[in-house]
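Chemist: We have chain A already, so just place chain B on it with the hints.
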Amino acid sequence: MKHVMTMLLVLAAQAFGPVARADDMPTYSIVIRAGRFEPATLEVPANTRFRLSIKNEGPGAEEFESTELRKEKVLAPGASSFLVFQPLKPGSYRFFGEFHPDTAQGRIVAK
Amino acid sequence: MLNVVLVVWRESLEAMLIIGILHAWLVRNEAGRRGRNALWLGVAAGLLLAVALGWGMLEAQSALAGDALEYFQTGVLFVAAALITQMVFWMARHARNMRRQLEAELSSAADAGNWFGVAAIAALTVAREGAETVVFLYGASFEAGASSLGAAAALGVVLAAATSWLAARGLRLANTARLLRISSFLLLVFASALLVSGVDRLIGNGHLPPLVEPLWNSSALLDDASGAGNLVAQLAGYRAQPSLMLLIVWAAYWLIALVSLRRARSAR
Chain A
1 MKHVMTMLLV LAAQAFGPVA RADDMPTYSI VIRAGRFEPA TLEVPANTRF RLSIKNEGPG
61 AEEFESTELR KEKVLAPGAS SFLVFQPLKP GSYRFFGEFH PDTAQGRIVA K
Chain B
1001 MLNVVLVVWR ESLEAMLIIG ILHAWLVRNE AGRRGRNALW LGVAAGLLLA VALGWGMLEA
1061 QSALAGDALE YFQTGVLFVA AALITQMVFW MARHARNMRR QLEAELSSAA DAGNWFGVAA
1121 IAALTVAREG AETVVFLYGA SFEAGASSLG AAAALGVVLA AATSWLAARG LRLANTARLL
1181 RISSFLLLVF ASALLVSGVD RLIGNGHLPP LVEPLWNSSA LLDDASGAGN LVAQLAGYRA
1241 QPSLMLLIVW AAYWLIALVS LRRARSAR
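From first to last, the protein sequence lines stand for chains A and B. Residue numbering for the first sequence is 1 to 111, as defined by the numbering used here. Residue numbering for the second sequence is 1001 to 1268, as defined by the numbering used here.
Looking at chain A on its own, in the form it has when it is part of the complex (with noise of 0.2 Å):
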C-alpha cells in the first residue's frame, strides 16, 4: 500500500513536472535553530526566481510559514528541504515559524 502510494506520487510528481526546476537560479539559505532564523534577514534579488534551502537543526520540528510568499513547508528536526520562489517585486516579505510563532520570525527583502 505505502510502495504503491509513492509510485502515485512520483508519476504524478512527473506527470505535473517538478515544482522546483534545479536549474541555475540562484539558492540563499536560511537555518532555523532552537525556534529562530538564521539569518532573519534575507536579501534577495527582486524580479528573479529564486531557491531558498532551509534547514531546521531542531531540536523542534518547525513550519515555515508565509501568507504573503504563499509558502508553507513542514520541517522535522535535522529536517533540509528547499523551497522555489517565483519573482518577486521589491519589497520586504515577513515569513514565520508556526510552531514558534513568538521567537521564529523573519523576513526577505527583495531589491
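You may find that some hints are simply not true.
[Unchecked claim] To spell it out: a stretch of chain B is covered by chain A in this simulated footprint if at least three of its residues, at any positions, have a beta carbon under 8 Å from a beta carbon of chain A; those stretches are:
#1 1133 to 1139
#2 1150 to 1156
#3 1221 to 1232
#4 1238 to 1245
Hints are computed from structural coordinates only; laboratory data are not their basis. Glycine residues also receive a C-beta, built at the ideal position from the N, C-alpha and C atoms.
Modeler: Only chain B this time, still in chain A's reference frame:
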C-alpha cells in the same frame, strides 16, 4: 508548554469545527444515525491517515519526494473543498426531500453514498491537520519532557474539542431550517478557505499567474500573518494582500456555490 497547547489547539480546531457542524446537523436528522457512524469511522480513519502522512512528512527528504508531497497536499486541499461543497448541496436537497416526504427508501438509497462523503470529509480534514500535529509533537518531544508534552498536547486537543462543542451546542439551539442555513454557510466558508490555500500554493509554485498582485494591502487593518488574522486566514481564507487571480477564483466559487445552493433548495 503554552506554545504546545496553542499549536495543538490551532491545528485541531478546523477539523473539530467541521466535525462538530456535521454532527450537529446529523443529530437533527432522522436518517442521521448511520451518518454519525460514518462520521466517527471517518475520524478514526483520519487519525490513522494523519500518522501515516506525518510519517511521510518526516521521511520525505529527497527533492522528488518533497515535490510529490507538495502536489499531494495541494491536491488534498482541492478534494476536501470539493467534498465539503458537494455535501452542502446534498444537505440542501436532503432537507427539501424531507419536506416533500419522498419515500423513505428512495432517500435512504441516495443517502448511502453521501454517508461515504461524510466519512471522507472527516477523514481528510483530520488527516490534513493531524499530520502537521504529528510532526510538531514529534519535534517537540526533543524540546521538552515527554510527560509534560503529552499533558500539554492533550490539553490542546481538549480545548479544541470544547471550542467545537460550544459551537455545535450553539448551533443546536437554532431551529432546523436555521441550523441548516448556518451549517451550510460555515461549511462553504471552510471550503472556500481550502480553495484559497490551494490556489495560493499553485500561484506560489508558478503553476498559476497571480495576474495582479497585490490587489490591495489590508495588513494594517487585519494582519494575516499573526494572531487572530492568521486564524481568520486559516479558517475563512482571508488574505491581507490578495492577488487578482485569487479574488477571481474566490468570487467565482461563492457565486457558483450560492446560485447552486438556491437551486438545490427550491427547484425539483
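Chemist: Give a verdict on every hint.
Modeler: Right, here's what the structure says about each hint:
1. 1133 to 1139: Satisfied; 4 residues make the cut.
2. 1150 to 1156: violated (count 0)
3. 1221 to 1232: holds (count 4)
4. 1238 to 1245: holds (count 3)
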